[in-house]
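Q: Using the sequences and the hints given, assemble the complete structure.
Protein sequences appear in the order of chains A and B.
Those letters in the first sequence? Residues 0 to 298, per numbering that gives the first Met the number 0, in order.
Those letters in the second sequence? Residues 0 to 570, per numbering that gives the first Met the number 0, in order.
The reader is advised that the hints may include incorrect statements.
Here are the computed lysine-lysine pairs in the BS3-like style, where the Cα-Cα straight-line distance is at most 27 Å [stated by the list, open to error]: (1) K326(B) / K114(A); (2) K330(B) / K114(A); (3) K374(B) / K114(A); (4) K330(B) / K347(B); (5) K326(B) / K347(B); (6) K196(B) / K326(B); (7) K62(B) / K82(B); (8) K374(B) / K409(B); (9) K179(A) / K114(A).
Derived, one-sided and incomplete: chain B residues facing chain A with beta-carbon distance under 8 Å [to be verified]: (10) R275; (11) A276; (12) A278; (13) P370; (14) K374; (15) L382; (16) A394; (17) K409; (18) A443; (19) D502; (20) D570.
A few chain A residues that don't get close to chain B, going by computed Cβ distances all over 10 Å [what the hints assert, rightly or not]: (21) Q12; (22) E14; (23) L17; (24) G19; (25) R112; (26) R121; (27) S140; (28) A143; (29) V147; (30) R148; (31) P152; (32) V154; (33) S176; (34) K179; (35) T180.
Hint data in this document are derived by calculation from the structure and do not stem from the laboratory.
For each residue, glycine too, the CB sits at the ideal point set by N, CA and C.
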Amino acid sequence: MPISSRVAALRLQVETALAGRVVAPLEYRDRSVVEVASTGIAEIDELTGGLPRGCLTEVFGGAGSGRTSLLLAALAARTREGEVCALVDGRDAFDPAAALAAGVNLRQLLWVRCKNIEQALRATDLLIQGGGFGLLALDLSDAAPRVVRQVQPNVWFRFRRAVEGTATILFLLGQESHAKTCASLVLRVEGQAGVWRETSSETSHEASHAIDSEEQPILAVRSSPGGRGKNVHAAGCLLEGTKSWAEVVRSRMQTEDARAHDRSMTGRVLSIDVRKMDGKRMDAAEFAIKTEWNYLCGD
Amino acid sequence: MGFAAIYVPEFMVQAVVRAESRAEPGLRERAIALIDGNAPPLFSVVAANARALATGIFLGMTKANAAQFVGVEIRARSVAAEKAAHAALRDVGWSVSPRMEETAADLVILDIAGLSSLLGPEETIAELLVARAGECGLRVNVAIAENISAAEIAARGFAGITLIAAGEEASRIGELPVTVLSPPEEIAETLALWGIKTCAALARLPVPQLSERLGQAGVQLRTLARGAASRALVVAETELVFEEEMELDDAVEELEPLSFVLGRLLDQLCARLTARALAASLLRVRFDLQPAFENALDVRTEVVRAKNMPGIYERVMQLPVPMRDAKLLLKLLRLRLQGSPPGAPIVKVLVAAEASRPRITQRGLFLPSFPDVEKLELTLARLAGVVGEGNVGSAEVVDTHRPGEFRMGKFLPVQEEAKDSPRKKAAKKRSSEIVEKHLPNHSAAMSFRVFRPPLPIHVNSREGRPAEVFVQGRRSEVCKASGPWRTSGEWWREEQWNEDEWDLEVRFVDKSRKAQTQSPCAGTFQTAKHLQQKGVPTNGAQTEKFEEEFRRYRIYFDAVRQGWFARGMYD
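A: Shown next as structure tokens:
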């Protein structure tokens, strides 16, 4: 029997044995083709190339670093596209009003309010098994790092394997990096001091008037959750926002010259070369975070 | 041929077998006798299948006597099971024709005129009816004939499928014994005395003489025996009642045996829904609970005793989409019952479904991924089991001035419709990209992390403004403060609020850690120079030496509770 026919027979035997379990076991799988989705922040998209689907993305940073703003921006971008997202809230710290202001479609967001890390991990497991979510975020920002460190590494590995081959972005938020090599993209964020806007101190009856750039008096009104609440600002300054820095700690995607070949109808598939960058320092990006203010013209 | 009769032989026995077939698959093939009565000593056999009768069991035999027969299963008659079996029989009939007569509990007659073009020849229709009845747990006889009476008699007399062509009624029905016609007892005795055993023999009797001796009843029987009787179909009104119930011999306390019973009922319910091409949009379970032991011994009047009963446990489960997958429904029910189990043993179970048309959808190839609705419902139920019922769902912002107010709603995501063609979508995307390119870079919105419950803090004020804040035992200096944002409301209620809110930027100095001046991202770790640029008074030596951390909090003074609290943190 010639070698080619023996190879063909062997190949057939392997494929028959693995039928139903592995699709095309002897076909070469091009792992470099990773579908990515926008983070909702242009600077971060430029830095990372986007959030890889079917992978674990980890964002970590201290309190006030802007990590939650980054998460909300990603949730807003995904829900705007009509995708269904889930947020496993490790310590019940999610603010629906802030999310609404950030543009998150709350109807498309499943919010799981957990009391401890065990509940959060169990809920994440169930949601991954359920499938069909565009973005699944596990927020462990408020959990003490020493508690998260006790999570067995195989948990992150299992999560990574569970989302592999799906369109789900698994987004892990924490104070430190815990997923290690299980994460395809690791971002570190750091916050700067807030940007404040000085306002006039003159107050008439209850309201104060801030002076805008055109020297016109305006009444500063903070959006209340219901959308029509008015809280009176007396004097001083307004928290305009802040600036944060993000740096890529680890990435399995090429970011500098990611060739965006628009192959799909939706135009979201990027051709990305696989390159491990562990230990290498990459460029950081600065992005602005702004508070939602409504300036209403007043007398 | 215009009418099809569906008959359930040994109806009472089949009703019980249908209810228990999941627990005992081979029960149908065994000899079964049903007993009924007012009190245990007076229990007697009220129904038995052919196998039981063959062993010598007869109707009216006492339970004690029946129990002497080896290999005969003694079961209690169940009115609930009979009711459910009749409902299943009706559903089988309505699954084929909307014109149906409920002739008896064990017999329905359908008008199938004109259905051949839709369902095929009569034989196919009969096979379809037998198959659907089988799915609902019933073994039936189906007879199709030109007139109602012939079909009815043939269904009662012949086992399996019987097709009687027009004009052959007399010859086919003639083969059957006279008892098939259910004659009155007196007439049956007279005919037996005359030696008339079959319908053919009765049909041959002359009408005048028969009328003289047996009256009009006898003539009517003869007409039936010839298969020539005709009457109009009394059409039953279509009902959409899907209920299955079961009375339990022994009260069930644990979830495992209960889920077995529920599974059995759901199987039957889903089979009935499938027969009617419907699905359940709402599921209701009702358990009759066993009275407490003390109440069972109570000798007071019935009314008082009824008041003391633990009562009825009822749960309603609204389904996001109509479903008829018995396994999935069982899982959902189990998860619901795990969360809130009944408080007493269960003696009777009823499962009812509100029917609606099943969901028919086709997903677009180019739409974003969406969770499978049935699977999502199951995931939500499981999550509710992990984190609690009210902690999973979709947040809804409430239209109120009260800060941080929201409510949890049921998570019902909206699925995007595949209205646009891929080409249109691509064009739309291109145009949106162009628009985005020409727009200035949009920034992320400031996010806020809430402390639930609000964190009590200590604030030292200077000139009416917070100057120093103690959060969780850590002292911090206020660098910037914006406020107060005064808000109050609902003064007429106990939950009134009256707050002065402040946005603060505070600086923590950690003397246990040295500053990382080489930090690449000048963010959390501020230098003295940076602070001086921002106008913050600094102690040069200290800021250079120790690590500093800046955080932005939203705090408020609660005028009702007379204290300072941190509502959350900007992040």
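Q: Please list, smallest to largest, the hint numbers that this structure does not respect.
A: 1, 6, 10, 11, 12, 17, 25, 26 and 27
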